[in-house]
Amino acid sequence: MGVRVGADVGGTFTKAVAIDSVTGELAGRAVVPTTHDHRDGVSAGVVDVIAKLVADVGAQTIELVTHSTTQAVNALLEGDTVPVGVLGMARAPYLRKARNRTMISRAIAHQFLDLSGGFDASTARHALVRLADAGAQAVCVAEAFAPDDSACEDAVAVLAAELGLPVTTSSGLTGLYGLELRTVTAALNASILPIALRTAEVVEAGVAAAALNCPVMVMRGDGGATDLAGFRVAPARTLYSGPAASVAGAMRTLRIGDGVLVEVGGTSTNVAAITAGRPALSYVRVAGQ
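Using my numbering, read the sequence shown as starting at 37 and increasing by one per residue.
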C-alpha cells in the first residue's frame, strides 16, 4: 500500500492525514497543538504530525508529503519579518516614474540605480552596502520592465548573496508588468525569507529523521505546490495555501460546482469561492499591503 500524507498548519492545531494513493481511503490521522512557542516555530508541529503518521503507517509506505501552512501569512500579520531595503532600477526616460514606484512604505531604505549607461557591478554593490548600513536585513530588487530582461536584477541578486543578504528579485516572482505591484510583492517575500529558510531546514531535517525517502511539497496559494527549494526562495507563493488546499479538497471530495468556502482558523478567517467548477482567483491584501 502506498499512501500520501497531507498536513495543515493552523493557528491552533496542526493536522495531518494519510490517504491510500489507490483507493483514496483514510489510512491514518494525527493532530497536535500548533507549536507557536517552540524554538523551531510552527514547523516543529509539522515534524511532530509526520512522525506520528510514520509510526502508524510505516515510513516505507509514504510516497509523498505535502503541507499547507499559515507560516507566511502569520509572519506578516504578527510582524515576524525582517527590515527590507529596496533597490530600484530603470533606464531613461522612465527614471522618475520608476524611482517613485519603487519607493514603497514597507521599505526601511531605498536606493536607485540609473541604468541608462549600462549596469555597473561596483555601483550596485555600493548601493547594497548602503541598504545594509541603513538596517536592511533583506533586499528587494525591482527594475522597470524586468519581465522583458531580468539580467540586471539577477546580477544584483548575485552581489547580494555574496554580501550575505537574502534577496528577492521582482521578476523572479512574477512575469507580470506593473512595477509598483512587483516591488511590493517582492518586498513582502524578502521580509519573510529568513523564517522560510528556518522552516524549510526544520521540515527537511524532520523528514530525514523519520527515515522518509519521498518528495516533500508545500502548497501554494494558487492551488499548485512547490518543493522546499522553491519555498526557500519564494515563500510568498505559499500565502493563503490553507484556503487553496480547502478549495482543492472541496472540489475533489464534495464535487462542488458553485459555492463559498469559509475557513475559520486560529489567526485569520479566509473566504474562497468556486464558480462553475473553477476556483476564483484574486489579488489579496495582507496587513494593508
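Honestly, I wouldn't trust all of these hints.
[Stated by the list, open to error] Keeping only pairs whose Cα atoms sit at most 20 Å apart, straight-line, the calculated EDC-like set for lysine to aspartate or glutamate is:
| id | residue 1 | residue 2 |
| --- | --- | --- |
| 1 | LYS88 | GLU99 |
| 2 | LYS133 | GLU216 |
| 3 | LYS51 | GLU99 |
| 4 | LYS51 | GLU61 |
| 5 | LYS133 | ASP150 |
| 6 | LYS88 | GLU61 |
| 7 | LYS88 | GLU240 |
| 8 | LYS133 | ASP185 |
| 9 | LYS51 | ASP92 |
| 10 | LYS51 | GLU240 |
| 11 | LYS51 | GLU299 |
| 12 | LYS51 | ASP73 |
What the hints contain is simulated information worked out from the structure, not anything from laboratory work.
Now the hints, each set against the structure:
no.	hint	verdict
1	LYS88 to GLU99	holds, 16 Å
2	LYS133 to GLU216	holds, 10 Å
3	LYS51 to GLU99	holds, 18 Å
4	LYS51 to GLU61	holds, 17 Å
5	LYS133 to ASP150	holds, 12 Å
6	LYS88 to GLU61	holds, 18 Å
7	LYS88 to GLU240	holds, 16 Å
8	LYS133 to ASP185	holds, 19 Å
9	LYS51 to ASP92	holds, 15 Å
10	LYS51 to GLU240	holds, 18 Å
11	LYS51 to GLU299	holds, 15 Å
12	LYS51 to ASP73	holds, 17 Å
Violation of the numbered hints given earlier is absent; every hint is satisfied by the structure.
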